[in-house]
Amino acid sequence: MKETRVRFAPSPTGYLHIGGLRTALYDFLFAKKYNGKFVLRIEDTDRNRLVEGAVENLISSLTQLDLIIDEGPHTGGEYGPYVQSERLELYHQHADLLLKSGHAYHCFCSSETLDTMRLGQQERKEFVKYDRRCLQLSAAEVSAKLAANETHVIRLKMPDEHKFRFDDLIRGTVEMDAAQSDDQVIVKSDGFPTYHLAAVVDDHFMQISHVIRGEEWLSSTPKHIWLYQCLGWEAPIWIHLPLILNTDRSKLSKRMNDVSVESYIQKGYLKEALINFIALLGWHASEDREIYTLEELCQEFSIERVSKSGAVFDLTKLDWMNGQYIRSLPLDTIAERCHPYFESSGIDTSDHVKLLKIIDIARERITLLPEIVEYSKIFYLTKDLDAADQDILDNEISQTVLKWFLESVQANLPLDRDKVHKLVSDGMAALQIKGKNYYTPLRLALIGQAHGPDMPATFDILGDAEVILRLGRAIR
RNA sequence: GACCCCUUCGUCUAUCGGUUAGGACUCAAGAUUUUCAUUCUUGCAAGAGGGGUUCGACUCCCCUAGGGGUCGCCA
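Residue 487, in this note's numbering, is where the first sequence stops; the numbers in between run on with no holes.
Calculated directly from the structure, the hints in this document are not laboratory data. Heads up, some of the hints might be wrong.
Stated by the list, open to error - Quick list of the computed label-pair ranges, beta carbon to beta carbon: (1) D371 / D475: 13 to 21 Å; (2) A468 / D178: 57 to 65 Å; (3) R144 / D81: 15 to 23 Å; (4) E123 / T327: 45 to 53 Å; (5) G88 / D371: 28 to 36 Å; (6) S274 / D178: 16 to 24 Å.
To be verified - Once the Cα atoms are required to be at most 20 Å apart in a straight line, the calculated EDC-like pairs of lysine to aspartate or glutamate come out as: (7) K365 / E385; (8) K44 / E100; (9) K13 / E172; (10) K388 / E347; (11) K365 / E311; (12) K445 / E477; (13) K278 / D77; (14) K278 / E375; (15) K365 / D471; (16) K44 / E307; (17) K278 / D325; (18) K13 / D81; (19) K174 / E161; (20) K433 / D471; (21) K433 / E418.
For each residue, glycine too, the CB sits at the ideal point set by N, CA and C.
All chains should be built: construct the whole structure from the sequences, respecting the hints.
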């Protein structure tokens, strides 16, 4: 049995995008499931859209999310190079082969010529495709133009009458008429191949067994199949993934959504949540389960269970899932992930024990990582109360509570959670004050707001000295 | 417009001819909690429409409708 080899083949035009992540993830899961290889190939044949640093970005995003690449530009491998601009010779060889066998031809039409041709076809409500005027050129005319260095492209000559039928692992048998296929450009006037040629040549030589890509490629698959046929190669198994959608059900776009994976990480989504969430956009096991680690996904994933229809990218569920992971991952892990946010906040978190205690209570109250920093400020900083809260603090009942507590705390040092727990009920009994009247002044004095964690935790985190200080400060 | 793909709660989905159509998110109510949050319980909510096939269709077939994708010297 042939080795399972799949590739993720983005073009380096920016950052890893949510749709790309989903494709990469399914590639990865599929490869792992069958003990195969996950290959990264950079499709940089469009020289106009190159973005500097994009390759490094792609690799670092993938790596950060634990989608480990088996072969790629940074790792090398026996099927390299893994960057298309370094494989030009190979494409030219095969373009020549196609030219010689009559499956491809030179085209000297200018983009203006093509524009007017298409406009005309549109007006006449014809199918818009290249009208093959350059195919009429004689061999002599072609060589003359070539010799004169006229700019030209190479086009693939599609068969006139042919039914393309192929099997897609997700969609079953798909049929398309060759008449619907244009004579696609396979080599551009700058000498670079288009996607169609480059992908087919590379998938062949890199021995890709399954092509997993977005559904937007479905309609150009006949061209690719034809290329395999003309070159005498065996085509891979096709797998066209359903699209990820905007809320209006159009293809996910940055016009309507944040689509940069990196930016979700920056916002404080955990990689575990992002992976889990994305995995479930289009795939689901038969059991009622929502939470999966990457390892579990590798085990459970199956391409047969990928849905056919597109999935709306819905942040509310991602938020929920992120909360789940924030609460369930080890405390130390959460502390580590929060570190950069604390760093930039300027808060002194050198007391690691205190920090962990804070994170432990904060994690139950947030959905995004940076909110931990925001929440923790009640313990690290003091803030001025607004007038209404200050009034509450200043009233007689409040002052009674605070004074009682200050004295009792000082009489019971050092405090621990049990002692505080007892103190709270003792105070209630002694003062005959309860509920809001009792707790609100304490919270306002200690953390500057009316809502917060329970008293034992609050006292514990603040520490005896800080408790005394804050109580004292609140007493008139 | 042509071609192709798709169609179960608002969203992500389970169901592989027989179920009170299940779960999750959201929302609502309740319980726990001094409060906030967490957690738990309950509730609201779906097979696009029309024909077949069948004893029986969400499930199979056809038609219609709707949505999406593609139609580039972009991937």
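Quiz item: If you check each hint against the structure, which ones fail?
Solution: 3, 5, 6, 8, 9, 11, 12 and 19
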